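S.K.: Join the two chains, each given in its own frame, into one complex according to the hints.
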Amino acid sequence: MLSFFLLILIYTGIYSLMALGQNVITGYTGMLSLCQAGFFAIGSYVTAILCVKCGWGFFATIPVAALLSAMVGVLIGLPTLRLKGDYLAIATLGLGEIIRNVINNWDSLTNGPMGIQKIPKPSFFGIEINPYSKWGYLLMVAIFVLVFYLLLKRLADSRMGRALEAIREDEIAAGSMGINVTKYKVWAFAIGAACAGVAGSLQACFSLSVTPGTYTFMVSVIVLCMVVLGGMGNFKASIVGAFIIQLISYFPQLVGISNKFPAQFKQILFGLILIVMMIYRPQGIMGRSRRSFSKTGRSCPFKFLASKVRTVFKSSKEAGR
Amino acid sequence: MRILETQKLTRAFGGVIAVNQVDFYAEKGLITGLIGPNGAGKTTLFNNITGLDQCTSGKVVFDGHDITKLPAYKISRLGIARTFQNIRLFKELSVVENVMIGRHYKSGDPNKGRFAEALKSYFKLESSEKTIYEDSIKWLSFLELEKAADEDAKNLPYGLQRELEIARALATEPKLLFLDEPAAGMNPQETDHLMMIIRKIRDLGITIVLIEHDMKLVMNICDSITVLSYGQKIAQGTPAEIKSDPIVIEAYLGKEDEDE
Ligand SMILES: Nc1ncnc2c1ncn2[C@@H]1O[C@H](COP(=O)(O)OP(=O)(O)OP(=O)(O)O)[C@@H](O)[C@H]1O
Ligand SMILES: [Mg+2]
Chain A
51 MLSFFLLILI
61 YTGIYSLMAL
71 GQNVITGYTG
81 MLSLCQAGFF
91 AIGSYVTAIL
101 CVKCGWGFFA
111 TIPVAALLSA
121 MVGVLIGLPT
131 LRLKGDYLAI
141 ATLGLGEIIR
151 NVINNWDSLT
161 NGPMGIQKIP
171 KPSFFGIEIN
181 PYSKWGYLLM
191 VAIFVLVFYL
201 LLKRLADSRM
211 GRALEAIRED
221 EIAAGSMGIN
231 VTKYKVWAFA
241 IGAACAGVAG
251 SLQACFSLSV
261 TPGTYTFMVS
271 VIVLCMVVLG
281 GMGNFKASIV
291 GAFIIQLISY
301 FPQLVGISNK
311 FPAQFKQILF
321 GLILIVMMIY
331 RPQGIMGRSR
341 RSFSKTGRSC
351 PFKFLASKVR
361 TVFKSSKEAG
371 R
Chain B
826 MRILETQKLT
836 RAFGGVIAVN
846 QVDFYAEKGL
856 ITGLIGPNGA
866 GKTTLFNNIT
876 GLDQCTSGKV
886 VFDGHDITKL
896 PAYKISRLGI
906 ARTFQNIRLF
916 KELSVVENVM
926 IGRHYKSGDP
936 NKGRFAEALK
946 SYFKLESSEK
956 TIYEDSIKWL
966 SFLELEKAAD
976 EDAKNLPYGL
986 QRELEIARAL
996 ATEPKLLFLD
1006 EPAAGMNPQE
1016 TDHLMMIIRK
1026 IRDLGITIVL
1036 IEHDMKLVMN
1046 ICDSITVLSY
1056 GQKIAQGTPA
1066 EIKSDPIVIE
1076 AYLGKEDEDE
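Sequence lines, in order, name chains A and B.
Each residue of the first sequence is one higher than the one before, counting from 51 in our numbering.
Each residue of the second sequence is one higher than the one before, counting from 826 in our numbering.
None of these hints come from the bench; they were simulated from the model.
Fair warning: this is a prediction, and the values are worked out from it, not measured in the lab.
Backbone N, C-alpha and C define an ideal beta-carbon position, used for all residues, glycine too.
Do not take every clue at face value.
Said to hold, decoys possible - Derived coverage of chain A by chain B (criterion: at least 3 residues anywhere in the stretch with Cβ under 8 Å from a Cβ of chain B; other residues may be distant): (1) 218-230; (2) 302-311; (3) 335-343.
Claimed, not checked - Lysine-lysine pairs mimicking PhoX-like chemistry, simulated, CA-CA at most 25 Å apart: (4) B:955 - A:203; (5) B:894 - A:203; (6) A:286 - B:916; (7) B:894 - A:233; (8) A:233 - B:899; (9) A:233 - B:931; (10) B:916 - A:233; (11) B:853 - B:1068; (12) B:963 - B:916; (13) B:979 - A:134; (14) B:955 - A:134.
Same shape as in the complex, but just chain B (with noise of 0.2 Å):
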């Protein structure tokens, strides 16, 4: 079953047509890569989905629902969860803090706004704070980072900064997850341990949608792949039709060899 499906998608930049026409989906439960050469408009069909930017035209399902042009919040509200390339903590605030802001919406009451749960908050500090904060440790736990609790965000090495955002994603209880290059910046060890993360946040029933350039991790975790070069989907397929389709190794690893 399709949990996500984006219909022609499309998202021009003035003259630059970053995403062109994009049929992507996402099947439940599984893990689909993103990939495709710099600049292909990965994270901007990321922005697209996940309400950061607007699309131009096209259409974006999620789980039944039109999210096409939904502000992020309630994107957000309705299941989907994402990190960020270049990281985007609140770093001024502690580890825990930061979760703590993931758990915004889940924590209280389902059928009320988060305003009113806000003020209620107001009144019952001890009792709502406290089962906020215990959940928010659980997360942490899950990503081994529960040590870090204390520290400020900012102060967090770059691989945890990147596992802590991917803790805070997770916090709001997503149906769908995005990790945009979540290996960008880590060395082999943390890689294997990223990876290692991903599969079990998979068996917790969560969909996940990667955009990765480390090809290792890509065609070992993936159960799907897509590409994208220029804007425009080029080929989808399991990792071993993508690694012997020729025209993904026309247009994004074969560059590898004229590099060479």
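Excised from the complex, chain A in its bound form (with noise of 0.2 Å):
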């Protein structure tokens, strides 16, 4: 029971940052993108690849990854970005389903239907994290997931975020103010492709092997619902989103009543989630996350933390005299 707890909140972990990834796109940037499946399969199979025909440690695959995802990310966008709301979503869902099509078909390098198994246990620094102690690959997991979490927040709230921003509100003022909106988007892309390619790598070194049937159509579904559910524009919604999604199609198993539930019964109810949310709460559980402006500046993680290590501190100091 707890250790399939464990599994619940490592796979949130692996799907986070795919939804951190798809907020990118779609909370911030506005862009229905159904893609994420897709990179999230280049990522894995970057990863088993690497490490099982070449020989490659685990870590030293994610950064290939993460750009060989945000390459192809950039490569779709270039010609889809042009188009709108559905149209992209559309494109987008095609694009995903051939880059799965192409990894089932492409044998001698993807081993095709078979997948590719025996990928190694990551190890760090001669450490080895057995994916079947779930505590030490959850760790790894969340560290992953606060990280990204942590850049990503920084980059919403610079200048670059503001203007992603100011396309999602209106792409014609933004570019009335001296945005480059083509750009933006395509980097928008290429970043929500990244985080996917990072959750790929993780996922396939998680489940030591990988097949095309997990990169479904359904997995970019999951994600769009998990940032709906929790809320666009808000990478903290992000996260809680994945839990609840997660939690959620994993409860039969965990309370042990999985054999009353048809196995579709989960798409049932992510259709019910969607369709709920959209009538009574469009903003999600938490809504779209506002930046504070104070005299001091603006509020940021790194800068948030540091402020609380002084007070610690400054406390600390005064008690010792």
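M.R.: So, in structure tokens, the structure goes:
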């Protein structure tokens, strides 16, 4: 039971990374993309192929996974980003499926539908992180999520984040303010893809094998669902959304009643969640995160931490006196 | 000196020639009015100059640069800002954030690309954001909007939304400012305030071109007026000349007489 709960948390972490990326694309920039599964697959296969066929270490494969996903993201992005709303969604949905089909049929590289097995366990400076001992792996995934959260949060608070939001609110006005709309859209797409790529690496290494069947269109839908449920334009909310969705989808197994539920109940439930949210709380559980401006500048995670540390120091000094 | 000039600018939408061989110009430092009946092609002319729409033929020269068919963001960076007839604010963002987006290009090192700047601000968030914020508050106070800084743009009253668009445009530090019907939907007090602001902007040395249907405003503050009708430039001159021009009266002002 505990170990099952840890499994849910690990998947929450992996999906959080994808959801954070989706939030950059959809929540901040306002592009409805349904392609995260494709980048997830690319990340997984990069790790699997480099580890198994080239003998690379797991951590060395992560930057490659992120970069390759981002590059494919840019290649896909350039021609499709002119499309808006539903059209973009359909185009990206198709592209995600193309990626999966390429993987499914490129036997010499990916082993086709058989997938790649026996991915070695990751080791970190000699310390082996065994996916079966879930605490260790959970810690690693949690660190990844935290790092990505902090990086993206800062990005969102910077001038670039504001440019992305301007594009979401009104592309034409954003262009008239001197913002190069296409460039920022492509970057948002690349960043979102890179997040999913890293999530893919973590997934491959956690399940120790990859098969194309894991990376279906449903994954993209679930990720979008997480972002919408949590709140668009709010990174914390994406993590919360990922947790709730994972909890719901594993709930029958968690409490041992999975035999009473048909396997498809997940899809129905996610559809229901999306509909209910759209009607009653379109801004999501937590809503958009707002920037705060004060005389000392803006709140940002690093600064917040630094100021916390400083106050603790001060008070301990004063107590010492 | 002419800071902006169009040469035989033409824009056809299928069979409709919205702008027809128009030679329009604006003198540096002055307020130029652009008037004409509904559908005369005024907004289309603005869109063609500011890069939101591409002309069919003709040429636009601004400050020595040929800016014909450049994308909007490049034109903005060269020093042309504008407001919109149907307000286009970043509605979900706060008032001050709207203006901060206007600072996107100008708040950094002028020798670097804006994207490099955005990346740099990633590492120097506090200091760069602080200057952007303070500059933005300055522009808000210029329009006496600083009290509403933290409000959502969409919650501002209509008249103030129009003024916020002006603040946002000014934040890009333009040499030339286009105002598309800035007084539309304003009550007489708000219009008076707007006239005061437009004069204040001119005193900053910024050239202004404005489309307006409010004749009192146009005749009061414009140094020169150009009249469009059915896509063609039919007259140009001082307010006094335009008021007494029989062609204008027939095409435009005369219409009111017919209505009576
Ligand atoms: N995107 C478009 N597609 C087709 N026709 C257009 C388009 N934009 C404008 N037009 C046409 O061009 C003509 C000029 O329109 P425009 O909006 O420039 O007029 P205007 O002078 O700004 O009028 P108003 O005072 O009502 O704002 C109109 O006949 C309009 O129907
Ligand atoms: Mg118009």
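S.K.: Does each hint fit the structure? Answer for all of them.
M.R.: Right, here's what the structure says about each hint:
1. Note: the segment 218-230 of chain A has 11 residues with beta-carbon separation from chain B under 8 Å; the three-residue rule is met and the coverage holds.
2. Only when three residues or more bring their CB closer than 8 Å to a CB of chain B does the claim for the segment 302-311 of chain A stand; here the count is 0, and the claim is violated.
3. Beta-carbon proximity to chain B at under 8 Å applies to 4 residues in the segment 335-343 of chain A; the threshold of 3 is reached and the given coverage holds.
4. Restraint check for residue 955 of chain B and residue 203 of chain A: satisfied, since their Cα atoms lie roughly 17 Å apart, inside the 25 Å limit.
5. Pair hint residue 894 of chain B plus residue 203 of chain A does not hold up; C-alpha atoms about 37 Å apart against a cutoff of 25 Å.
6. For the proposed pair residue 286 of chain A and residue 916 of chain B, the alpha carbon gap of about 23 Å is at most 25 Å, so the pair holds.
7. Distance check on the hinted pair: residue 894 of chain B and residue 233 of chain A sit about 18 Å apart at the alpha-carbon level, within 25 Å; holds.
8. For the hint linking residue 233 of chain A to residue 899 of chain B, the alpha-carbon distance of about 13 Å falls within 25 Å, and the restraint holds.
9. Only pairs whose Cα atoms come within 25 Å are accepted, and residue 233 of chain A paired with residue 931 of chain B is accepted, the gap being roughly 18 Å.
10. A distance of roughly 22 Å separates the Cα atoms of residue 916 of chain B and residue 233 of chain A; the hinted pair therefore holds under the 25 Å criterion.
11. With a CA separation close to 23 Å, the supplied pair residue 853 of chain B and residue 1068 of chain B stays within the 25 Å bound.
12. Restraint check: the Cα-Cα separation between residue 963 of chain B and residue 916 of chain B comes to about 21 Å, which is no more than 25 Å; the hinted pair holds.
13. For the suggested pair residue 979 of chain B and residue 134 of chain A, the alpha carbons sit about 23 Å apart, so the restraint of at most 25 Å is met.
14. Taking the CA atoms of residue 955 of chain B and residue 134 of chain A, the gap is near 34 Å; set against the 25 Å cutoff, the hint is violated.
Of the numbered hints listed earlier, those contradicted by the structure are 2, 5 and 14.
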